[in-house]
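Residue numbers (our numbering), protein chains in the order written: chain A, 1 to 443; chain Y, 1 to 421.
Honestly, the hints are just simulated from the structure, not real lab data. Note that the structure is predicted; figures quoted are calculated from it, not measured. It is possible that some hints are incorrect.
To be verified - Each computed BS3-like pair below joins lysine-lysine, with the alpha-carbon atoms no more than 25 Å apart:
1. Y:Lys92 / A:Lys151
2. Y:Lys392 / A:Lys393
3. A:Lys393 / Y:Lys377
4. Y:Lys377 / A:Lys394
5. Y:Lys92 / A:Lys85
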Amino acid sequence: MMRIKTAGISEFFQHQFIRLAQGIVAFLVLILITPTVHSQEIDILLKGGHVIDPKNNINSKMDVAIVGDKIFRIAANIPANTSKKTIDISGLYLTPGIIDMHAHVFHGADVNSISANSPGGLQADAFSFRAGVTTVVDAGSAGWRNFPLFKTQVIDRSQTRVLAFLNVVGRGMVTRYDQQDVTDMNPEMNAYMIKKLHPTILVGIKSAHYWGDFTSVDKAVESGKLANVPVIVDFGEHSPPNSIESLFMEHFRPGDIFTHTFSEHAISKTTGGRESIVDVKTRKVKPFVFAAQKRGIIFDVGHGAGAFNFNQAIPALKQGFMPNTISTDLYNLSMNAAMKDMTNVMSKFLAMGMGLQDVILRTTWNPAQVIKRLDLGHLTVGSEADIAVFNLKKGNFGYMDVGRTKISGTEKLEAELTLRAGRVVWDLNGISAADWQMPASTN
Amino acid sequence: MLFFAACLISQANLQAQEIDMLIKGGHVIDPKNKIDGIMDVAIKDGKIFRVASNIPANTSKKTVNATGLYVSPGFIDMHVHVFAGAEDPGYKGFEISNGFGSVAPDDFTFRSGVTTVVDAGSSGWRNFPEFKKQTIDNSQTRVLAFLSITGYGMVGTVHAQDTTDMNPTTTAFIMNEYPDIIVGIKAHHFQGHNFFPVDRAIEAGRKTNKPIIVDFGSSTPKLSIEELFMKHFRPGDIFTHTFSGNAATNLTPGGREPIVDVNNKIKPFIFEAQKQGRIFDVGHGGGAFVWATAINAMKQGFYPNTISTDLYRNSRNAGMKDMANVMSKFLNMGMSIQDVIVRSTWNPANVIQHTDLGHLSVGAEADVSVFNIREGKFGYMDARGSVLNGTKKLEAELTLRAGKVAWDLNGLSGPQWDAVK
Numbered sequence: 001m002m003r004i005k006t007a008g009i010s011e012f013f014q015h016q017f018i019r020l021a022q023g024i025v026a027f028l029v030l031i032l033i034t035p036t037v038h039s040q041e042i043d044i045l046l047k048g049g050h051v052i053d054p055k056n057n058i059n060s061k062m063d064v065a066i067v068g069d070k071i072f073r074i075a076a077n078i079p080a081n082t083s084k085k086t087i088d089i090s091g092l093y094l095t096p097g098i099i100d101m102h103a104h105v106f107h108g109a110d111v112n113s114i115s116a117n118s119p120g121g122l123q124a125d126a127f128s129f130r131a132g133v134t135t136v137v138d139a140g141s142a143g144w145r146n147f148p149l150f151k152t153q154v155i156d157r158s159q160t161r162v163l164a165f166l167n168v169v170g171r172g173m174v175t176r177y178d179q180q181d182v183t184d185m186n187p188e189m190n191a192y193m194i195k196k197l198h199p200t201i202l203v204g205i206k207s208a209h210y211w212g213d214f215t216s217v218d219k220a221v222e223s224g225k226l227a228n229v230p231v232i233v234d235f236g237e238h239s240p241p242n243s244i245e246s247l248f249m250e251h252f253r254p255g256d257i258f259t260h261t262f263s264e265h266a267i268s269k270t271t272g273g274r275e276s277i278v279d280v281k282t283r284k285v286k287p288f289v290f291a292a293q294k295r296g297i298i299f300d301v302g303h304g305a306g307a308f309n310f311n312q313a314i315p316a317l318k319q320g321f322m323p324n325t326i327s328t329d330l331y332n333l334s335m336n337a338a339m340k341d342m343t344n345v346m347s348k349f350l351a352m353g354m355g356l357q358d359v360i361l362r363t364t365w366n367p368a369q370v371i372k373r374l375d376l377g378h379l380t381v382g383s384e385a386d387i388a389v390f391n392l393k394k395g396n397f398g399y400m401d402v403g404r405t406k407i408s409g410t411e412k413l414e415a416e417l418t419l420r421a422g423r424v425v426w427d428l429n430g431i432s433a434a435d436w437q438m439p440a441s442t443n
Numbered sequence: 001m002l003f004f005a006a007c008l009i010s011q012a013n014l015q016a017q018e019i020d021m022l023i024k025g026g027h028v029i030d031p032k033n034k035i036d037g038i039m040d041v042a043i044k045d046g047k048i049f050r051v052a053s054n055i056p057a058n059t060s061k062k063t064v065n066a067t068g069l070y071v072s073p074g075f076i077d078m079h080v081h082v083f084a085g086a087e088d089p090g091y092k093g094f095e096i097s098n099g100f101g102s103v104a105p106d107d108f109t110f111r112s113g114v115t116t117v118v119d120a121g122s123s124g125w126r127n128f129p130e131f132k133k134q135t136i137d138n139s140q141t142r143v144l145a146f147l148s149i150t151g152y153g154m155v156g157t158v159h160a161q162d163t164t165d166m167n168p169t170t171t172a173f174i175m176n177e178y179p180d181i182i183v184g185i186k187a188h189h190f191q192g193h194n195f196f197p198v199d200r201a202i203e204a205g206r207k208t209n210k211p212i213i214v215d216f217g218s219s220t221p222k223l224s225i226e227e228l229f230m231k232h233f234r235p236g237d238i239f240t241h242t243f244s245g246n247a248a249t250n251l252t253p254g255g256r257e258p259i260v261d262v263n264n265k266i267k268p269f270i271f272e273a274q275k276q277g278r279i280f281d282v283g284h285g286g287g288a289f290v291w292a293t294a295i296n297a298m299k300q301g302f303y304p305n306t307i308s309t310d311l312y313r314n315s316r317n318a319g320m321k322d323m324a325n326v327m328s329k330f331l332n333m334g335m336s337i338q339d340v341i342v343r344s345t346w347n348p349a350n351v352i353q354h355t356d357l358g359h360l361s362v363g364a365e366a367d368v369s370v371f372n373i374r375e376g377k378f379g380y381m382d383a384r385g386s387v388l389n390g391t392k393k394l395e396a397e398l399t400l401r402a403g404k405v406a407w408d409l410n411g412l413s414g415p416q417w418d419a420v421k
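Isolated chain A (complex conformation) (with noise of 0.2 Å):
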């Protein structure tokens, strides 16, 4: 015993002894290590400008620190010998990655189709990247039929991050006709689709262009409520108008959504149409509607070719009734009209009087909450590293709404770098980059 002891005792020593010089040398090793180690830590820092994080209550001058393809820090004076790469965004406003909860980008060759796997749904990474955005949401052009193909042929081939809603049509958004098929629009298999096979992608349910009654709305809400997901409704066909206070306060839960919240229809008798939230006579947002965003239900721009109006948008601003979430409803037909991307859209809030940090909020952490993706649209460490950095232009601007009518403005959003997962996708004046007569570098 006594032997093993003093054996152990003096290997005991050996031990601390060799502990003690390797702890001598990992030491030294750590000091001459450290410095390189310590000023390559972070991946990209971007430096100077001016944050605004709403879901973390930032609104100010910060620096964001990018390791792999996650947010580090977010710190005042992050110092810029330890990062690998700094980019100076001085005078440059940084937010979250916007979200585009409307879209449609099931593109495709079928070209009698509307949005899915059709010309009429656009390439997401064409329009996403160079105004900010780092995910999108489809509004419904896939149904449980055609989301595989939708899927293998979009989302997975995508830089941008492609959600969706599913359309409560299993056929999706192919013709006008399909969208009357209440024999199509099945619950089960909805939920099927979203709970066990896509979890990760499909966000909710979408009911459109709906003719008839209330059936195409109650079998989305009971999609969404097998599959515990929100729907969003474009309720634009109803020939004659369904009630919007019917649907606000009897049919929706809360959570589910509206969107074209500022169209203004014509109604014709032929073609049916939207019942508008401000009233066309008086100019008043009717009353319902301030109740009904009270209970929970969500108003969504989803401006479109055919769904935004200044004679509904500007009266509900000035009476207090603000969106809760800003979205393009970006397609072939809203491209290239009143819409165009989504810094046009949000300028157009800044013109009509909202404040940046509203816009900011509306296009970030709101959207992520809605659609329940609570780990986009935010700036907090371990995050995603999904960034926007806009320029602010000031000069004479002008926006228009879908009957081709303008307000004047004297800002523009304009997209200056764009990352997606902690990589440069967009960079219009190459401010990541060297001077042209510098060394090839390896960026």
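Once you have looked at the hints, place chain Y on chain A.
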């Protein structure tokens, strides 16, 4: 008497509204017609009706105030890939032909002042009819095309090596079926150490009397561009990706021979080739525009004949971006606005033998680009991601295609919202 009075009144009304749209007060640059000054442009029935100083606004149904802006023929982007589709060939490659590598034309054109694009060989004679049905007939943009000398177009790098599918006879046959749309033939991405696809394309070009456009130099060792220009090309044939590389960037034994030598001097035969009618096209793309080459070439007095984008998936979000951005690069290298405009209107129109396009002559289809030149601090990236700083940026304000407003950035053509009703 009453009848006579009625006639007078109706005639007066007719007079007051004889013009559909008047673009007033802009600086018109129309190189073909040698116009370079403040002029009004009147449009009627989708055609240019009149270009003159001080056309009275009360003779037009609608007047757009273009004071402080430039007015030019709609831009022609002579090198794009717009055969967007969903075919997956199962090989790695560009996926340009009916694939994911192409983009949709209307997504990029009007917002940068472009009204005509020329697809550079995305389709071949076997699938051109599908390209037409799927894209050309469904686009607002005027889409013309070079046909690839390979039957299925630019499917991928592998298919570009298939010399058994380079048939001048069938290619010419399809070209003759669509003489107004197909403007020439493309040879591209060939890795063999010979001029086979170029010569096949020229054979098709001879049969149809149309130019060829060549994406040259995928072989190891490099093939001589002097030989290409002087021994194979006819006058009017087109070398694209003109500013793609120099000695510093092109160190591999293979690839495309640069137009500059190791000291960034323009090789003498380049000037000679251009003098003899060889066309040098920019074709910026994702990898084919290097500042050192372009800047040094311009300094030595070498200007490209045509400015184009090579718009496709890999160029759209990188250094290229869009036509307005590429044109702005040339402004910031010191090219005058007039020289930039001629290289994106009347020059490409001539090169593709569409002299109906690229100008504002009375009676021409009213494809019009109204743009502003922003002053400020801007940066421009090349294909390697290095930057030239500049002070000017061309921005498309209003684009008309056949007299119809296809793009209106700031609502120039619309009334104030509260002035209606």
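Each hint, compared with the structure:
1. Y:Lys92 / A:Lys151: Satisfied, since the Cα-Cα distance of roughly 20 Å is no more than 25 Å.
2. Y:Lys392 / A:Lys393: 15 Å, holds
3. A:Lys393 / Y:Lys377: 12 Å, holds
4. Y:Lys377 / A:Lys394: The hint holds at about 14 Å.
5. Y:Lys92 / A:Lys85: 32 Å, violated
Of the hints listed earlier, the one the structure fails to meet is number 5.
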